[in-house]
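Participant: Residue strings, one per chain:
2 protein chains.
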Amino acid sequence: MVDYALIGKGIRRVDTTAKATGEALFSADLKLPRMLVGKILRSPYAHARIVHIDTSKAERLPGVKAVITGKDVPDERWGVFRYTQDQRFLPVDKVRYVGEEVAAVAAVDEDTAIEALKLIDVEYEELPAVFDIESALKPDAPLIHDAYPGNINISVDINVGDVEKGFLESFYIREDAFEAPEDSYFQGEPYAVVAHFDSSGNLEIWMPNAGPHLKAKPLSNVLKIPLNKVRVRKITIGGAFGGRSEISPADVICAFLAKKSARPVKIVYSREENSIATRQAHSMKATIKTGVDREGRVLARDITCYMDGGAYSSTGPIAVSVPFLCMEQAYRMDNVRYRGYRIFTNKPIRGMFRVHGRAFACGIDLQLDLIGKELGFDPLEMRLKNARRPGDYTPTKSKVVSCGMVEAIERAAEKARWREKWDRLPPYHGIGIGCNSVQTGFPMGIRGGSQAFIKFNEDGGVTVITGIVDNGQGNDNMIVQIAAEELGLKVEDIQLINADTEVTPSDPGSYSMCETFVGGNAVRLAAQDAKRKLLKIASEAMKVEPERLAMRDRKIYVIDRPQEAISISRVVRMALSRRENISGEGSYWPKVDSNREWVTNPFGQLSETFSFGAVIAEVKIDPETGKVDVLEVTAAQDVGYAINPKVIEGQFEGGVAMGGQGGMLSEKVLWYGGRVLNPDQLDYMVPIAPGMPKINDIIVETNDPGGPYGAKEAGMSVAMSAAQAYASAICNALGVYIHEFPLTPDKILKAIKEKEEGKNR
Amino acid sequence: MVDYALIGKGIRRVDTTAKATGEALFSADLKLPRMLVGKILRSPYAHARIVHIDTSKAERLPGVKAVITGKDVPDERWGVFRYTQDQRFLPVDKVRYVGEEVAAVAAVDEDTAIEALKLIDVEYEELPAVFDIESALKPDAPLIHDAYPGNINISVDINVGDVEKGFLESFYIREDAFEAPEDSYFQGEPYAVVAHFDSSGNLEIWMPNAGPHLKAKPLSNVLKIPLNKVRVRKITIGGAFGGRSEISPADVICAFLAKKSARPVKIVYSREENSIATRQAHSMKATIKTGVDREGRVLARDITCYMDGGAYSSTGPIAVSVPFLCMEQAYRMDNVRYRGYRIFTNKPIRGMFRVHGRAFACGIDLQLDLIGKELGFDPLEMRLKNARRPGDYTPTKSKVVSCGMVEAIERAAEKARWREKWDRLPPYHGIGIGCNSVQTGFPMGIRGGSQAFIKFNEDGGVTVITGIVDNGQGNDNMIVQIAAEELGLKVEDIQLINADTEVTPSDPGSYSMCETFVGGNAVRLAAQDAKRKLLKIASEAMKVEPERLAMRDRKIYVIDRPQEAISISRVVRMALSRRENISGEGSYWPKVDSNREWVTNPFGQLSETFSFGAVIAEVKIDPETGKVDVLEVTAAQDVGYAINPKVIEGQFEGGVAMGGQGGMLSEKVLWYGGRVLNPDQLDYMVPIAPGMPKINDIIVETNDPGGPYGAKEAGMSVAMSAAQAYASAICNALGVYIHEFPLTPDKILKAIKEKEEGKNR
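First to last, the protein sequences are chains A and B.
Residue numbers for the first sequence follow numbering that gives the first Met the number 0, so the first one is 0 and each next one is one higher.
Residue numbers for the second sequence follow numbering that gives the first Met the number 0, so the first one is 0 and each next one is one higher.
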């Protein structure tokens with residue numbers, strides 16, 4: 000075990016004080032001189048042709064400084080892949096969902112802006128609309144995009160091994176269907192953008208984001224200005240969860256309003272807008288057919304998933320294959336076919352989510368429980384029999400280098416006393432388990448690498464410059480801990496400049512779980528570059544070879560004679576006296592196969608490494624009310640190496656809240672046609688702190704050879720596994736397997752009633 | 000001649016739009032939320048013991064948020080050298096000049112702050128004071144600092160060759176005394192500071208400065224916080240001229256007020272405060288004894304200068320030797336003794352100035368004119384006989400690598416038609432010449448080097464990160480031109496991040512005329528580092544050796560087949576596809592001898608190179624009023640290479656305004672004891688644009704081998720030579736040599752009267 004000074008320690012996060020005192024500013028808090036209020040006019044129709052827009056009355060209203068429609072915005076379309084670019088930031092021809100952006104105003108105050116919106120006359124010609132997958136797939140269904148026949152946005156067909164042969168060889172086969180409606184990310188911070196152009200045409204823009212450089216590129220494209228004029232600034236961010244990954248129409252609209260009015264403009268979304276006009280999670284229907292041998296080992300799987308993508312592609316295409324990729328990483332399966340379809344409907348746009356594909360992931364686990372029941376193996380045994388192991392290749396041919404799946408399952412089982420409890424719990428008590436795995440980055444081509452610069456001040460202090468963004472998960476802290484560790488400094492010796500596209504080099508952003516792995520490695524390499532220079536100078540001064548020197552406690556010392564030491568600040572000054580500046584540069588590019596079609600044809604190394612999680616939940620159900628009381632949750636994850644265990648525990652617990660407590664007990668979007676009925680916190684029930692169960696955190700470390708200090712993704716595997724564990728536990732408590740999530744009291748009561756009536760599913 | 004795309008072109012300055020529209024913010028323009036107004040209580044006495052300060056009444060005044068005295072500020076003393084650190088930022092024991100800082104308040108508005116100042120009771124015990132060099136040097140003079148017996152702050156004694164032998168061998172010897180009072184820098188922008196601490200103890204501070212990193216270090220020392228918590232920010236600066244070089248008590252006071260009040264604080268100096276409480280130029284008395292051979296060539300010089308330094312050392316010690324160093328660079332002199340003394344008086348503090356040592360420099364030139372008159376050589380011949388030439392060593396042993404002094408003199412003479420006009424001008428018409436030379440940087444030890452980082456965006460745009468500051472002279476533009484030239488890009492492709500101590504690496508600042516030479520070289524090296532990486536990739540793609548490739552117009556092309564080209568943005572994307580980031584780092588340290596005692600013992604290479612200027616002025620005097628009408632000025636300077644001729648012409652013309660028009664015709668500080676009688680623009684007459692003469696700019700290029708593209712300092716040699724040329728021309732017009740500057744109408748009328756009365760001096 001390496002003896003680190005800071006890595007592996009649960010030191011206090013660097014952003015604590017600013018957040019605790021309220022000093023930290025979020026985008027909505029910003030105030031610029033002469034700033035205007037921006038408001039967006041949204042479509043009242045789910046599907047309609049825009050016949051005419053008359054903005055003249057709005058323009059004449061005193062206090063209105065700019066009105067824009069689709070005509071003011073170049074025809075640059077958004078979509079995460081070149082072949083799915085289908086969304087204009089302000090449509091000109093037709094609207095495709097209730098809430099779509101139609102026009103926008105900037106005015107001196109909010110009242111004037113709202114009044115101006117009312118004065119914009121839009122003549123629509125309403126079109127027939129579709130609101131669910133089945134209707135959208137009907138031959139006579141209204142076509143939402145001309146370019147997508149049959150309303151099929153994307154279809155994925157992955158076929159590995161020989162599925163038919165696998166089924167033929169199977170001892171037992173079963174097929175189940177699972178489904179789940181949409182859920183909402185419900186970030187604590189509502190979406191807000193502030194944009195400002197200076198007289199040289201430079202854009203300064205602030206917004207919650209999961210990668211400032213990813214926001215800058217489409218802004219550069221649509222504004223027709225180079226990247227060095229797009230300055231996405233660092234700002235405190237109140238959660239992303241996949242939902243702040245991509246450019247938003249609001250970003251573009253705010254920039255165009257600022258350009259037209261020649262004044263700063265701020266748009267703050269209402270809670271309702273945040274729920275309908277930012278990305279939210281997909282609904283899904285999954286059919287899973289699994290064949291196992293006599294021992295319960297999976298021999299073949301045939302899976303079909305349909306996802307309702309809403310009206311545009313956005314990052315949605317990625318959502319089609321990722322749930323499958325996660326499960327093929329988590330569980331061994333040699334012969335597998337996966338067919339995934341993303342279907343357009345006239346509903347708000349769905350995107351990437353931290354707890355992705357509930358129906359599919361929970362389905363896989365519930366089906367394993369059902370198979371085990373048939374063969375006489377408990378869910379724990381079923382997981383262990385099928386768990387991914389190190390050295391394996393996934394079906395789509397990613398090598399799994401480090402893998403603590405078995406250890407995560409075993410340690411969770413021991414902590415949760417699974418073997419004591421299984422089959423011995425009283426009625427309506429249950430225990431369940433879920434396992435999942437996530438990538439640390441996707442193949443992102445030229446945007447996949449991260450770079451960091453480091454400079455030393457003459458007093459031995461350091462500045463780190465990196466594009467890594469912190470959405471709340473503690474990335475700022477991760478950077479500082481890595482730099483300080485590598486350079487033998489204290490956390491307070493590190494000054495961090497990050498998440499600003501003007502000054503920082505490129506970085507892939509936090510949305511693909513790669514900031515620690517990719518960005519962290521870049522920071523470490525930059526620090527090592529500076530360290531090499533320091534050790535060379537110290538080596539000459541101390542007359543000891545550089546290999547025999549180490550850095551710690553602000554000193555460079557001889558490893559086997561620690562009392563022989565020299566302060567780092569002195570070595571920096573020695574360097575300066577020799578006319579050498581101490582600085583460092585580091586770049587890290589994940590070792591993945593460049594595969595532009597990885598979503599539809601995901602073969603090759605898709606991510607350099609993977610994290611593995613196992614969650615066990617124990618629940619008690621009130622058969623009178625259907626209410627679930629979660630007694631204890633044990634969350635275990637192979638994080639590679641815990642750079643900061645406290646931060647990781649926070650991620651685990653947030654994951655249980657989001658994936659389990661919210662995602663499986665309460666969260667679902669309610670619809671009336673294309674309208675969201677529960678856009679607010681009263682009706683869309685997000686879990687709150689007092690309702691959280693006891694959580695045991697188990698950090699599994701496998702020291703990934705590619706990760707910084709062995710670290711990889713931390714927390715998302717838990718978030719997903721938690722949903723699965725909750726489903727498994729509740730069905731175990733009920734003795735009935737519900738196939739539609741979340742498992743809300745109404746469904747539980749119905750299941751109890753059906754069970755009592757003998758209708759065992 | 001190298002064919003550059005941008006270097007050598009008079010392209011529009013990058014800061015033009017922001018300055019023309021008023022968008023550019025100066026420190027006094029800044030507004031931060033909850034910002035307080037800071038005000039400073041100043042001593043009404045020139046010399047007094049502080050017996051007691053009672054701030055209790057001020058503290059009780061509603062709206063007052065902080066009151067500080069010397070007790071609140073650690074005993075860190077300021078002075079540019081360790082051995083001259085004698086100034087507390089707020090004194091505790093005694094005050095040494097009228098206007099010295101005694102206490103300070105921060106309040107919600109200006110009225111309250113002023114009211115609070117009145118409520119601070121300071122009990123003083125007045126001490127005898129001295130206001131001139133002679134009184135300060137008397138044996139019974141009051142002692143201003145215990146550590147400086149005889150009130151002698153610093154004494155310099157340089158003795159080169161054999162002066163006595165030189166005089167013995169001389170054909171003609173004369174000795175003259177010259178003197179000049181203090182002058183004021185009168186920057187357009189008054190001094191202002193805004194300071195703010197965040198909850199993590201990081202200081203953000205804005206102020207006019209000639210080197211943000213030079214400001215950060217003393218702030219770090221006195222605030223006892225590391226450099227990475229001191230963030231001197233970039234802000235538009237309205238002129239420095241040597242007067243924004245060093246830390247100001249206002250910087251420290253503002254920071255302590257911000258710390259104590261836990262709110263942002265802004266201090267804006269009144270015009271009066273700007274004149275008494277920021278550094279201003281020294282007065283000087285110079286005695287010059289010169290011996291020449293029959294041909295007018297100087298064989299020996301013995302010089303003694305006394306400078307009134309005011310109450311503290313500050314950067315003043317440098318001022319003692321610099322005028323001598325400039326002249327020993329400009330004119331050959333093998334046997335020379337220089338004795339320089341800086342004397343403390345109870346007057347405001349004097350510092351470095353762009354037109355340094357008027358009395359001495361003009362004295363040298365006037366004396367050459369007088370010697371020439373005696374020997375039958377005109378001033379032009381005298382300058383040519385004694386001009387510095389390339390390959391020479393200065394008396395203090397600096398090698399002069401590039402030197403266009405003779406060319407500057409000859410071209411100025413030709414343009415001014417000297418040989419046609421000399422001795423042929425009508426009465427009260429005159430023509431005169433002055434020559435001078437400046438360093439490009441002083442030995443600054445560990446702070447002497449500049450470093451720059453460069454990053455490429457994926458679209459081929461570039462960001463340059465450097466500590467170089469722009470005080471108005473065009474340094475921002477210089478950086479951008481160099482980076483764009485080196486990388487074959489357009490000016491608008493370069494994004495500049497500079498003059499911010501948080502993000503930029505160290506840089507010596509603009510105060511020692513070294514930004515182009517030192518900082519410009521660092522930027523060029525950083526660009527070349529990035530270029531090397533780009534050319535390597537392009538070379539492989541184009542199958543041509545890198546040496547055969549060049550970059551221009553956003554393309555990389557084959558030098559001898561320019562149609563074979565590939566766009567730079569494409570090469571950047573190729574690099575990214577290969578998982579390589581394109582970035583660059585460059586450091587430049589001037590090749591000077593490390594000499595910590597260079598002020599008192601300036602031997603060795605003091606600056607890597609020197610600039611050389613020659614100015615010719617033609618004047619007409621109204622004998623009735625003594626008013627000088629400057630008919631034409633020809634300003635020539637060896638700038639090495641003109642990176643931007645338009646910017647350099649601006650510097651030349653500003654130099655003529657400051658050195659000649661202001662420095663020799665009107666500018667002087669008037670005193671009543673230790674009180675400045677003319678602190679404002681009405682009474683201290685700064686030249687204004689409509690009063691400026693016709694100026695011919697002659698840029699001499701000698702392609703310095705060490706300078707970026709051959710460039711070195713531009714403008715300061717002209718500023719100094721202008722003063723000398725004006726003096727020479729006026730004395731020529733009068734036929735009388737006045738030894739006291741500036742040459743104001745009263746002195747001119749007196750000289751005319753004395754001449755008419757036959758009292759030829």
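Certain hints may be false.
[To be verified] List of simulated lysine to aspartate or glutamate pairs, EDC-like, C-alpha gap at most 16 Å:
#, chain 1, residue 1, chain 2, residue 2
1, B, K590, A, E579
2, A, K18, B, D458
3, A, K216, B, D292
4, A, K216, B, D458
5, B, K18, A, D197
[Unchecked claim] Sample of chain B residues lacking proximity to chain A, with all beta carbon distances greater than 10 Å (derived):
#, residue
6, E22
7, P32
8, I49
9, R81
10, K398
11, G447
12, G459
13, G460
14, T462
15, S505
16, S566
17, E700
18, G705
19, P744
[Unchecked claim] Covered stretches of chain A, going by a simulated chain B footprint (3 or more residues, C-beta under 8 Å):
#, segment
20, 322-334
21, 382-395
22, 487-497
23, 628-640
24, 741-748
Just so you know, these hints were derived from the structure itself, not from any lab.
On a predicted model such as this, the values are computed, not experimentally measured, just so you know.
For glycine and all other residues, C-beta sits at the position ideal for the given N, C-alpha and C.
Participant: Take the hints in turn and mark each one as holding or not.
Facilitator: Comparing the hints with the structure gives:
1. K590/B to E579/A: holds (13 Å)
2. K18/A to D458/B: This hinted pair is violated, its Cα atoms lying about 36 Å apart.
3. K216/A to D292/B: Given that 16 Å is the threshold and the Cα spacing comes to 73 Å, the pair is violated.
4. K216/A to D458/B: It holds: about 9 Å lies between the C-alpha atoms, which stays within 16 Å.
5. K18/B to D197/A: Roughly 12 Å between the alpha carbons, so the hint for K18/B and D197/A holds.
6. E22: The claim breaks: E22/B does not keep its Cβ more than 10 Å from every Cβ of chain A (closest is about 5 Å).
7. P32: violated (7 Å)
8. I49: holds (32 Å)
9. R81: holds (14 Å)
10. K398: The claim stands: K398/B keeps its Cβ more than 10 Å from every Cβ of chain A (closest is about 18 Å).
11. G447: The assertion about G447/B is violated, with a minimum of 8 Å to chain A.
12. G459: violated (8 Å)
13. G460: It is violated; G460/B is separated from chain A by about 4 Å at its closest Cβ, not greater than 10 Å.
14. T462: Its Cβ does come within 10 Å of chain A, the nearest being 6 Å, so this is violated.
15. S505: For S505/B, whose nearest Cβ neighbour in chain A is about 7 Å away, the distance does not exceed 10 Å, so it is violated.
16. S566: Check passes; 13 Å lies beyond 10 Å.
17. E700: holds (28 Å)
18. G705: With a cut-off of 10 Å, G705/B remains clear of chain A, as the shortest Cβ separation is near 14 Å.
19. P744: The claim holds: P744/B sits with its nearest Cβ about 44 Å from chain A, beyond 10 Å.
20. 322-334: Not satisfied, violated; 0 residues make the cut.
21. 382-395: violated (count 0)
22. 487-497: Since three or more residues must qualify, the claim that chain B covers the segment 487-497 of chain A holds, with 5 doing so at under 8 Å.
23. 628-640: That given contact is violated, which follows from only 0 residues of the segment 628-640 of chain A lying within Cβ reach (below 8 Å) of chain B.
24. 741-748: Violated - the segment 741-748 of chain A has 0 residues with a Cβ nearer than 8 Å to chain B, which falls short of three.
The structure does not agree with the numbered hints 2, 3, 6, 7, 11, 12, 13, 14, 15, 20, 21, 23, 24 stated previously, though it agrees with the rest.
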